[in-house]
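**Student:** Chains as they are written, first to last, in the working numbering: chain E, 691 to 781; chain U, 499 to 867.
Calculated from the structure, these hints are not laboratory results.
Every residue gets a Cβ at the ideal spot worked out from N, C-alpha and C, and that includes glycine.
One or more hints might be untrue.
[As the list claims (entries may be wrong)] DSS-like, lysine-lysine: derived pairs with alpha carbons at most 30 Å apart:
| no. | chain 1 | residue 1 | chain 2 | residue 2 |
| --- | --- | --- | --- | --- |
| 1 | U | K649 | U | K605 |
| 2 | U | K823 | U | K605 |
| 3 | U | K823 | E | K748 |
| 4 | U | K846 | E | K748 |
[Claimed, not checked] Here chain U is said to cover these stretches of chain E; the calculated rule only asks that three of the stretch's residues, wherever they fall, bring their Cβ under 8 Å from a Cβ of chain U:
| no. | segment |
| --- | --- |
| 5 | 695-706 |
| 6 | 719-732 |
[Unchecked claim] On the chain U side, residues computed to face chain E include the following (Cβ under 7 Å):
| no. | residue |
| --- | --- |
| 7 | L584 |
| 8 | I602 |
| 9 | T619 |
| 10 | P623 |
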Amino acid sequence: MTEPVIICRCEDITLADIQERIEQGNHSLEELKRECRCGMGPCQGRTCMPLIAQELAKSLSKPTGEVILPSFRPPTAPISLGALARGSSHD
Amino acid sequence: MNIDIAIVGAGPAGLMAAIKSGQAGGKVLVLERANYLGGQLVKQTHKFFGSKSEYAGERGVDIAEMLVKQAQANPNVTTWNNATVLGYYQEDGVLTVKHHNEFITIKAKKIIIATGASEKTLAFPGNDLPGIFGAGAVQTLMNVHGVMPGKRLLIVGAGNIGLIVAYQLLQAGVEVAGIVEAASTIGGYLVHAAKIRRAGIPIYISHTIKKAYGSPTLAGATVCQLDTNWQQIPGTEFDIVADGLCLAVGLTPLAELLWQAGCTMSYIPELGGYVPLRNANQLTTNPSIYIAGDVAGVEEASAAMVEGKLAGLAAAASLGLTHAKLDQEYADAHNQLSALRAGSVSAKIRAGLAKVTLGQQSAPLLEVI
Chain E
691 MTEPVIICRC EDITLADIQE RIEQGNHSLE ELKRECRCGM GPCQGRTCMP
741 LIAQELAKSL SKPTGEVILP SFRPPTAPIS LGALARGSSH D
Chain U
499 MNIDIAIVGA GPAGLMAAIK SGQAGGKVLV LERANYLGGQ LVKQTHKFFG
549 SKSEYAGERG VDIAEMLVKQ AQANPNVTTW NNATVLGYYQ EDGVLTVKHH
599 NEFITIKAKK IIIATGASEK TLAFPGNDLP GIFGAGAVQT LMNVHGVMPG
649 KRLLIVGAGN IGLIVAYQLL QAGVEVAGIV EAASTIGGYL VHAAKIRRAG
699 IPIYISHTIK KAYGSPTLAG ATVCQLDTNW QQIPGTEFDI VADGLCLAVG
749 LTPLAELLWQ AGCTMSYIPE LGGYVPLRNA NQLTTNPSIY IAGDVAGVEE
799 ASAAMVEGKL AGLAAAASLG LTHAKLDQEY ADAHNQLSAL RAGSVSAKIR
849 AGLAKVTLGQ QSAPLLEVI
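Isolated chain E, as found in the complex:
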């Protein structure tokens, strides 16, 4: 038996999952994210987004540079609610 190809290891999304969703008409990284949470785990897409962008580019027959990236919003890393609730101290 062949092992699955893991694309997004944080959320356990396989290449087959991504291909199926592209076939269903999800043609942007933003749509794919909303459909299956790829890129929304602890690594925040730093590992999987280049692979998914490559796959989208291949399916849509366009250069990887033309695949539109999702927005990069703060926070870039997890922070506890406790730390936020204390409010910010200024430099």
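We have chain E; now place chain U onto it with these hints.
**Tutor:** Just chain U, lined up with the frame of chain E:
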């Protein structure tokens, strides 16, 4: 704290930027996510090439120590470790930071982003089996923590990182099963590749990983040949037994803060992915944000240090902070960069940079501020 220049990342680029802008009189705060300073340098147990001014002949881990000492010796420079920058807000130019577990906002007059790059990975069946690592993880385990990543490792990628990690594995007493490289040529320096070949390790060019196998952990990988269109050639498969697989397939810039800052970005495969447009002194299209090191385009540590110099000097000069030798240091740094990038192995870097550098590539400092 009254901060002139905030520097995100304390690797070779960020530390050098801190040293140079601190010397010019800038009040500098360096923010480093890890619990140590030095970035990837601390994992580099081999001696560097290049020129004396970038510590050629020294080991990366020793260079890190020297840079940290030099930065911290300057009272103008404050360094924070365990300080993750969470965001940049265009409305007011504020950085939000998690320092240990405290939430802090920081307003600096100028910001130098030196966040480096993250490792790329590959999609193949079995790619999540225990025993499969990125090259950075192998170096962290082996060179920082003294833990062997496996008994017999197969490496994917014959660039400098793959070749150097292969040699470091041998030094640590790990057997190296071979190096698999998809391209038809070895990407890294000949001197590294020759060392590997002299040790009797095969380098399989025009080959790729078809799948990894084993249960519950990695037992080996099936490798096959690629044709000139990068397609797998049926019938060329063979198995290589290994309990570890090290992926050294390149890096991509860690640019999320630059996206948040509204910098104009461009996808440049030669530089590893999306990078910001910049002028000759490392200034992005956001007038308060400079860049240095791999985030500006994946290269190597010596170039990162020189870009750090340029960004540090330019950011200081833009705030009116200068000293008698500043112009000379700036011109010298440009010359060093040109020399580092002059060789035939840097053709790709030069082509990439030509697409994202605005104006003249080595204009005098006063013309680019």
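**Student:** Now tell me if each hint is right for this structure.
**Tutor:** Okay, the hints, checked on the actual structure:
1. Annotation: proposed proximity of K649/U to K605/U is violated, straight-line Cα distance about 49 Å (limit 30 Å).
2. Restraint check for K823/U and K605/U: the C-alpha separation of about 29 Å stays at or below 30 Å, so the hint holds.
3. The suggested pairing of K823/U with K748/E is violated, with an alpha-carbon distance near 52 Å, which exceeds 30 Å.
4. With a CA separation close to 23 Å, the supplied pair K846/U and K748/E stays within the 30 Å bound.
5. Coverage of a stretch by a chain is defined here by at least three residues with a beta carbon nearer than 8 Å to that chain's beta carbons; for the segment 695-706 of chain E and chain U the count is 5, and the condition holds.
6. For the segment 719-732 of chain E, the stated coverage by chain U is violated: 0 residues have a C-beta nearer than 8 Å to a C-beta of that chain, whereas at least 3 were required.
7. Among the interface hints, the one on L584/U holds; its C-beta lies about 4 Å from the nearest C-beta in chain E, closer than the 7 Å criterion.
8. Given the 7 Å rule on beta carbons, the hint for I602/U holds: about 5 Å separates it from the nearest Cβ of chain E.
9. The criterion of a C-beta within 7 Å of any C-beta in chain E is met by T619/U, whose closest approach is roughly 6 Å, and the hint holds.
10. The beta carbon of P623/U comes within 5 Å of a beta carbon in chain E, closer than 7 Å, and the hint placing it at the interface holds.
Hint compliance for this structure: hints 1, 3 and 6 are broken, all remaining hints hold.
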